[in-house]
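J.: This is what each chain is made of:
There are 4 protein chains.
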Amino acid sequence: MASGCPFGHGAAAAGDHVDPISDDGVYYAEYLGLDKLLTAQHPASAAHGVEAHDEMLFIIIHQTYELWFKQILHELHSVIQIFSQDRIPEKAMGLVVHRLKRIDEIQRILIDQISILETMHPLDFLDFRSFLTPASGFQSFQFRILENLLGIESKHRFQLQKTAYLGYFKAEHQELLRKSEHISLLRLVEKWLERTPFLEFEGWRFKDEFRRTVLQMHQADRDRVSRDAHSTEEHKNLQLQMIDQTIEQFESLFDEEKHAEMVAAGTRRLSIRALQAALLISLYRDEPLFHVPFQILTGLLQLDENISLWRFRHTQMVHRMLGSKIGTGGSSGYRYLKSTTSDRYKVFLDFYNLSSFLIPRSHLPPLPLEAREQLDFYFTMAASPAAPATP
Amino acid sequence: MASGCPFGHGAAAAGDHVDPISDDGVYYAEYLGLDKLLTAQHPASAAHGVEAHDEMLFIIIHQTYELWFKQILHELHSVIQIFSQDRIPEKAMGLVVHRLKRIDEIQRILIDQISILETMHPLDFLDFRSFLTPASGFQSFQFRILENLLGIESKHRFQLQKTAYLGYFKAEHQELLRKSEHISLLRLVEKWLERTPFLEFEGWRFKDEFRRTVLQMHQADRDRVSRDAHSTEEHKNLQLQMIDQTIEQFESLFDEEKHAEMVAAGTRRLSIRALQAALLISLYRDEPLFHVPFQILTGLLQLDENISLWRFRHTQMVHRMLGSKIGTGGSSGYRYLKSTTSDRYKVFLDFYNLSSFLIPRSHLPPLPLEAREQLDFYFTMAASPAAPATP
Amino acid sequence: MASGCPFGHGAAAAGDHVDPISDDGVYYAEYLGLDKLLTAQHPASAAHGVEAHDEMLFIIIHQTYELWFKQILHELHSVIQIFSQDRIPEKAMGLVVHRLKRIDEIQRILIDQISILETMHPLDFLDFRSFLTPASGFQSFQFRILENLLGIESKHRFQLQKTAYLGYFKAEHQELLRKSEHISLLRLVEKWLERTPFLEFEGWRFKDEFRRTVLQMHQADRDRVSRDAHSTEEHKNLQLQMIDQTIEQFESLFDEEKHAEMVAAGTRRLSIRALQAALLISLYRDEPLFHVPFQILTGLLQLDENISLWRFRHTQMVHRMLGSKIGTGGSSGYRYLKSTTSDRYKVFLDFYNLSSFLIPRSHLPPLPLEAREQLDFYFTMAASPAAPATP
Amino acid sequence: MASGCPFGHGAAAAGDHVDPISDDGVYYAEYLGLDKLLTAQHPASAAHGVEAHDEMLFIIIHQTYELWFKQILHELHSVIQIFSQDRIPEKAMGLVVHRLKRIDEIQRILIDQISILETMHPLDFLDFRSFLTPASGFQSFQFRILENLLGIESKHRFQLQKTAYLGYFKAEHQELLRKSEHISLLRLVEKWLERTPFLEFEGWRFKDEFRRTVLQMHQADRDRVSRDAHSTEEHKNLQLQMIDQTIEQFESLFDEEKHAEMVAAGTRRLSIRALQAALLISLYRDEPLFHVPFQILTGLLQLDENISLWRFRHTQMVHRMLGSKIGTGGSSGYRYLKSTTSDRYKVFLDFYNLSSFLIPRSHLPPLPLEAREQLDFYFTMAASPAAPATP
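Residue numbers (the working numbering), protein chains in the order written: chain A, 597 to 987; chain B, 597 to 987; chain C, 597 to 987; chain D, 597 to 987.
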């Protein structure tokens, strides 16, 4: 404990009179493996005898991406481990929020640092581009593992030429990728949601209460429209038709068959019970006990949105860098990438779409009294008998 | 040329029907040295048998910093090489602007990504901090080389305990550091500035013209104050005193002796001639020929400011992480770092202070006619006789 | 000149002994119109008697957007004015670069600050959303004017229901919008590009030289493929087919008819001559005289890309906020917005696609000697006879 | 509920067939007060007949700052209101976290958007700077109110010339400022912390337990040093001396007198009991019940750090813009601003310094059993008897 504080670019050892390079102590460069790290840049242009200044940037930015992917996977693995437990302790839920927040901060940087690569002009890229054939950013196995772990399934992937995605990887990476196909944060979160208490509570069933409320609201809407003396018949019919459509949309929350169709069509991912639970948490998020679960839903949504933003930013950069050269298959790199910015690649798509099913707080069916009590903390701070005591 | 486009995370090979993992072609993971890169993380906590989750982040963020430092040095070396030439071709000046812009984009990320490290709480840092003794971020030899190359001299450095800064490094790094002490972008830029044409031009001398103008402006100020009927004597005297002080400040631009005093005191860095040249470029920056030189001055200033911003952000992070533990020397890491955010560590300090000497464009002494003509381009686009021709 | 420095949040008057609130002087709050500005927030929820905390954020963030739109229009108008001149002085070109850079910095903030609005949860939006009917962000007339001024034409716009876009605006704004439809930065830039010298130069014609070079390169590619002893016939044919497709793509640069087809299809915007000029500038950007023109092309591309990024970020936020409620027309706000992130809304689309036509510097046809001389500056700094003189 | 979604820049009314500009509905431009907002820019240069292009930027960026200050104050007022309650419900604590997070997002933008103003060169500022005398950014009453509400006291302020800070404001703003001096988030948070349960708990007293632990750790350190056979006497003494200093520092946590001295010296702000509570929360933050309180401490620290970052960034910008003109008082705007980046202006200084007092989790004295139970939630999700039920 008496030891100084390492790291902090100069913070170190300041007044500690410790020999800064003692043989048995840790040395910055060794600790960080800088001998490996700073000698891992091998420009292909130099190997071909025509060194291109900008290839160094190209290598280094990709290396920082890969380091950050490793870090994201580190956090993601710990989140997955937590969600893999049968009974997730409250303590662990706090960690999930914290680690999702960290992933968010990393992703912000991943998105922003594309600006660095954009300082490389297409003409400068041409100086070494041909030496890299047939390597492709698609071969970032860490990013593909990330997609797999989150829950993107093979069937959602657009296929490049006729090669299945595994065909782009060497054997050792194929193995890693295959392993990651068997884990899915989406499915773990689904299970966790399905276990949410209060979906049923001593006779009170959320889905019934919610459905009744929604129907009442729509009926009130219908009545208001029908009574409207200033409106034409045509306009009224149009409005009633819209209300009916909205009801129909809401019904997909309760109707297993409709839900199954949407799952088959790829517009829904979660089970109907998990979806209802996510809705419950979103609607009653002000309840203290739902505070952390709601932060988790929001964190997962943010993670997903950040990937979309990164994909889009990346796509624009590629458009600048490569134009829209058309290949024999009629497709271009730019077009492939653009396709991945669609909803098809959103893992937590249901959390986005949840907003369609929110109703104003003022209309929310009240939770049963007992549930409310359990949702509040047993112990609130200010109530502590010890509080007024003086130190 | 027929080859596909490598990289772009999926942009690749899309329609190219090339085998994506042919044996003689380039493979993403190999090109980037991922086997080295992704196995270069060795948490000390794990080695001590008490794995701390957050140490991975600590290692990886420092590694990304070191990678980016390498990239900045790559750009800086090319800029230094350009400025080392006796006669710098115009083409090269464009490159300097471009590479300074790239450094700026990198630095923005270096500053912003501190937010990632701040997701590590001090208590989490404690889990592995003691294993790192006596390593220190001060031992980032790449950052120290960067400082040296820019032009920070040993005499400007605050000393940590009694150890000279080289004492923090192992032999191989000491050698690199010593070599970098002999190169200084500041001094190269100084020489380049001293060669600026138009400081003297067939009898017209910028410094004389500028000085005369400034004195006239101040005299007009004095007259206005003296004539002011609404002002008390006391107020007038105060104002006259202020004008005199301003004149005195301006005189430091022309007075070799005063200038030398300021250099000795560390409040000025450049030679008086280089300073005048920087002022000339700043004042007449609208002239096309000064367009690029002015972008260079601005780029260097930005680089310096970014380092200051990074230092300060870093300092705040360290304050959060370590508090202000007081060492035996009465100093703390936080305090040392804070000291480096002072003007003493600004290399291009004179470019900041230049603003004190600007005068409104409307008062600028006109450049001699011939100089103006040479400053404009010989050939302007719209004047091209070829222009009206149809394709 | 003796006066203190206003503004800088405290920078003021520090040692100047001026009365900080003299009656005839400028007062911060008055100068900025804060009485108007800070009383221009009128939450509709409060007016309806159910104040929603988050509506203030909703209003204020939209107000900052509108202020920044005003600033972007201010810069854009000055750029348009410059490009409207028949003969654009070099000085002015520097200004264009500078102002595009400023727009870039503003746009970065516009994109990033969406994160602020995303702290408003959909349920909080519900608290006041219904009070805003039928107002729409589409009614930001400043943003629509911006689109018009850049060069988005009515025919490129996706139509909302059956109402033409002007139908969303009140009379005074319709007038402003109509006026802005007659100005197009795209068209002005096109004219400027068409006047580029060196497209023809005393018998040397860029398009002929470039075309010849490209055909030679492709012929070399064909020969290499045909001679390849290790390749199967099938593979060879595939490769030759690809080369032919590339040639065909290049031909669209020279063939007026093909070009016209692409313009009609909306995949090209500029005239063929302007496109060739843009290509010329991009290929020979290292020549000093092309330095500034190339910065302008890059600046315009960046502006366009930033709008795309903003649209996409905005779209994601709307998806979170509103889900994907399906309207009677079968369309949702989210889907409409998503459609605007397509290439159809890229004004400087041709500058993106230019990359498809770049060839390595090593293959570039040399500029004719005289042109090269004129492209370099008449006067380079270090050549100044005055340079070696001592101060 | 059938109504469309307003706002979302185009999201609107898409398929809703509502007349977008009905007379009784809300119109975007009116809702946002755009007639006021977009006519509130009055460049002084134009009034003086010499319109300076860049003054518009100067006005608009300051206006966006003021709008955001208003928003921050809006959030801050709600936080203050929550902390003003005697018994703060758990629900409200969640809101505090949420609103601090929003302030954080706003502050990130305030810091970043300084880059926009830096596109204005000092020479361009000179074009209108003299027209603004004697206005000063220091006169941003909203920012001064923000400082007051947070808890910066008059005695901590550096004085500009001899004028007390109120002297810079007109009567109506002085009144607002005076009112804000009586509210202090720092003091409210202090009271809240003092009420933290578990500082004493049925005979278990945190401060006693913690102190005992720390003393044991230090004794162990002393023993280790004394026993070290490889160390010289001199080195041993130095180390023992350091340990003793550390103990002394820790004692300031328990010694009312020492604490009072530090408060008087301005190096501490909170009461000793509040400080102990903040330490307790930080050390045991993994306990679910401390999750939200710890998020609050972190949020307040972040808010404070962001202000520091903004001040520093602002200071650098002013240095660029104004140089370091020396006033009669020997002070410059730049120097004044720089002084505000010191610890003196950190309101939640104690939260930074808390890190000095953290000890590794492995050494933490266990909470008494009963306390632990109460700290965990009464009800954990997975334990719900309802959970296994099928929908």
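Hints are supplied without guarantee of correctness; some may be wrong.
As the list makes no split between identical chains, a pair holds if one copy fits it or if it spans any two.
[Claimed, not checked] Computed cross-link-like contacts, SDA-like style, restricted to lysine to any residue with a CA-CA straight-line distance of at most 20 Å:
(1) LYS934 <-> ALA625
(2) LYS751 <-> ILE843
(3) LYS751 <-> SER711
(4) LYS775 <-> ARG683
(5) LYS775 <-> HIS638
(6) LYS666 <-> ILE710
(7) LYS775 <-> GLU790
(8) LYS632 <-> SER952
(9) LYS854 <-> GLY747
(10) LYS697 <-> HIS814
(11) LYS687 <-> ALA648
(12) LYS687 <-> HIS717
(13) LYS666 <-> GLU647
(14) LYS697 <-> ARG881
(15) LYS832 <-> ALA625
(16) LYS803 <-> SER674
Bear in mind the hints are in silico, worked out from the structure with no lab data behind them.
J.: Each of the hints needs a verdict: does it hold here or not?
T.: A quick look at each hint next to the structure:
For the identical chains of this complex, LYS934 and ALA625 are neighbours neither inside a copy (41 Å) nor across copies (24 Å), given an alpha-carbon limit of 20 Å. Proximity of LYS751 and ILE843 under a CA criterion of 20 Å is satisfied in neither setting, with 31 Å inside one chain copy and 36 Å between copies. Taking identical chains as interchangeable, the C-alpha atoms of LYS751 and SER711 are never at most 20 Å apart, the minima being 32 Å within one chain and 32 Å between chains. Proximity of LYS775 to ARG683 under the C-alpha cut-off of 20 Å is found in neither arrangement, the shortest distances being 25 Å within a copy and 52 Å between copies.
In this assembly of identical chains, the alpha carbons of LYS775 and HIS638 never lie at most 20 Å apart, being 30 Å within a copy and 24 Å across copies at closest. For a Cα distance limit of 20 Å, the shortest separation of LYS666 from ILE710 qualifies both inside one copy, at 18 Å, and across copies, at 18 Å. In this assembly of identical chains, the alpha carbons of LYS775 and GLU790 never lie at most 20 Å apart, being 25 Å within a copy and 52 Å across copies at closest. Neither within a single protomer nor between protomers do LYS632 and SER952 lie at most 20 Å apart by alpha-carbon distance, with minima of 51 Å and 35 Å respectively.
Neither within a single protomer nor between protomers do LYS854 and GLY747 lie at most 20 Å apart by alpha-carbon distance, with minima of 22 Å and 45 Å respectively. For the identical chains of this complex, LYS697 and HIS814 are neighbours neither inside a copy (38 Å) nor across copies (36 Å), given an alpha-carbon limit of 20 Å. Taking the shortest alpha-carbon separations for LYS687 and ALA648, only the inter-copy value of 17 Å comes in at or below 20 Å, while the best intra-copy value is 52 Å. In the homo-oligomer, the alpha carbons of LYS687 and HIS717 lie at most 20 Å apart only across protomers (16 Å), although the nearest pairing inside one protomer, at 49 Å, exceeds that limit.
When the C-alpha separation of LYS666 and GLU647 is checked against a cutoff of 20 Å, the pair qualifies only between copies, where the shortest distance is 17 Å, while the shortest distance within a copy is 30 Å. In this assembly of identical chains, LYS697 and ARG881 lie within 20 Å of each other by CA distance both inside one copy and across copies; the values are 18 Å within and 16 Å between. Neither within a single protomer nor between protomers do LYS832 and ALA625 lie at most 20 Å apart by alpha-carbon distance, with minima of 74 Å and 28 Å respectively. Taking the closest pair of Cα atoms, LYS803 and SER674 never come within 20 Å of each other, the shortest separation being 33 Å inside a single copy and 34 Å across copies.
When held up to the earlier numbered hints, the structure conflicts with 1, 2, 3, 4, 5, 7, 8, 9, 10, 15 and 16 and fits the remainder.
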